[in-house]
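Student: Given next are the chains, with one letter for each unit.
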Amino acid sequence: AQKVTQAQTEISVVEKEDVTLDCVYETRDTTYYLFWYKQPPSGELVFLIRRNSFDEQNEISGRYSWNFQKSTSSFNFTITASQVVDSAVYFCALKELTGGGNKLTFGTGTQLKVEL
Amino acid sequence: DAGVIQSPRHEVTEMGQEVTLRCKPISGHNSLFWYRQTMMRGLELLIYFNNNVPIDDSGMPEDRFSAKMPNASFSTLKIQPSEPRDSAVYFCASSLGRSSYEQYFGPGTRLTVT
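One line per chain: the protein sequences are A and B, in this order. Under this note's numbering, the first residue of the first sequence carries the number 1, and numbering increases by one thereafter. Under this note's numbering, the first residue of the second sequence carries the number 1, and numbering increases by one thereafter.
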């Protein structure tokens, strides 16, 4: 069965600090996809990134970067020089290609608070 | 381009009433998903459709919940009769059919059952 664990319930940082959000997953599939979504206070869920299980290259997009390590079943998300607008709940999610159909399994989310 | 559209954005109803939530997926997307988000249970998949056909409804809580997708551009989630424990935010999402593709979420409907 697929499972996603986000052990950090809440993180508070001061603006301009770097922050890493952890995500650990469990799956029996060899082919799967990992995602990060952002849920700002307004409530909508915003897609940030998709990564497939065969691509372990790290990715950088502006102040955002993602570190995918199959050896530790982790897909961590780092925000560099955080800003107040980054305050949100961030969800990691997993989709198995064969075992889970087209279903996304979400972690419980990490609430990030960026203060001035 | 328009994203996923949901209506209403907020719904307050009394216990026992019928509630209908509506969703218009992104044009060209052929998979549609209904999720429920609560503090206690997080984000749960209720049901998903592929090419207007329900594929997996194992997440639907009970017979009071039903979902339809009469065409590629419209879906409804109905609760009859509603109960206070149904209070939650209900999200609709759509994606291209292949499993590899990400899902795009609507703004959600905040349902309060008193």
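Heads up, some of the hints might be wrong.
With beta-carbon atoms standing in for the labels, derived distance ranges [stated by the list, open to error]:
1. Gly43(A) to Ser27(B): 17 to 27 Å
2. Ser42(A) to Val53(B): 26 to 36 Å
3. Thr80(A) to Glu83(B): 20 to 30 Å
4. Val13(A) to Val53(B): 42 to 52 Å
5. Ser74(A) to Gly42(B): 13 to 23 Å
6. Val84(A) to Gln80(B): 36 to 46 Å
7. Asn30(B) to Thr31(A): 28 to 38 Å
8. Glu10(A) to Arg9(B): 33 to 43 Å
9. Thr20(A) to Thr20(B): 41 to 51 Å
10. Asn58(A) to Pro8(B): 12 to 22 Å
11. Ser12(A) to Thr38(B): 18 to 28 Å
12. Pro84(B) to Thr80(A): 38 to 48 Å
13. Gly43(A) to Ala2(B): 25 to 35 Å
14. Met40(B) to Ser42(A): 38 to 48 Å
Honestly, the hints are just simulated from the structure, not real lab data. A virtual CB, placed ideally from N, CA and C, is assigned to each residue, including glycine.
Student: The structure should be examined with respect to each hint, and the outcome stated for every one.
Tutor: Right, here's what the structure says about each hint:
no.	hint	result
1	Gly43(A) to Ser27(B): 17 to 27 Å	holds (23 Å)
2	Ser42(A) to Val53(B): 26 to 36 Å	holds (33 Å)
3	Thr80(A) to Glu83(B): 20 to 30 Å	violated (46 Å)
4	Val13(A) to Val53(B): 42 to 52 Å	holds (46 Å)
5	Ser74(A) to Gly42(B): 13 to 23 Å	holds (20 Å)
6	Val84(A) to Gln80(B): 36 to 46 Å	holds (43 Å)
7	Asn30(B) to Thr31(A): 28 to 38 Å	violated (21 Å)
8	Glu10(A) to Arg9(B): 33 to 43 Å	violated (27 Å)
9	Thr20(A) to Thr20(B): 41 to 51 Å	holds (42 Å)
10	Asn58(A) to Pro8(B): 12 to 22 Å	violated (42 Å)
11	Ser12(A) to Thr38(B): 18 to 28 Å	holds (24 Å)
12	Pro84(B) to Thr80(A): 38 to 48 Å	holds (44 Å)
13	Gly43(A) to Ala2(B): 25 to 35 Å	violated (18 Å)
14	Met40(B) to Ser42(A): 38 to 48 Å	violated (22 Å)
Taken one by one, the earlier hints fail for this structure at numbers 3, 7, 8, 10, 13 and 14, listed in ascending order.
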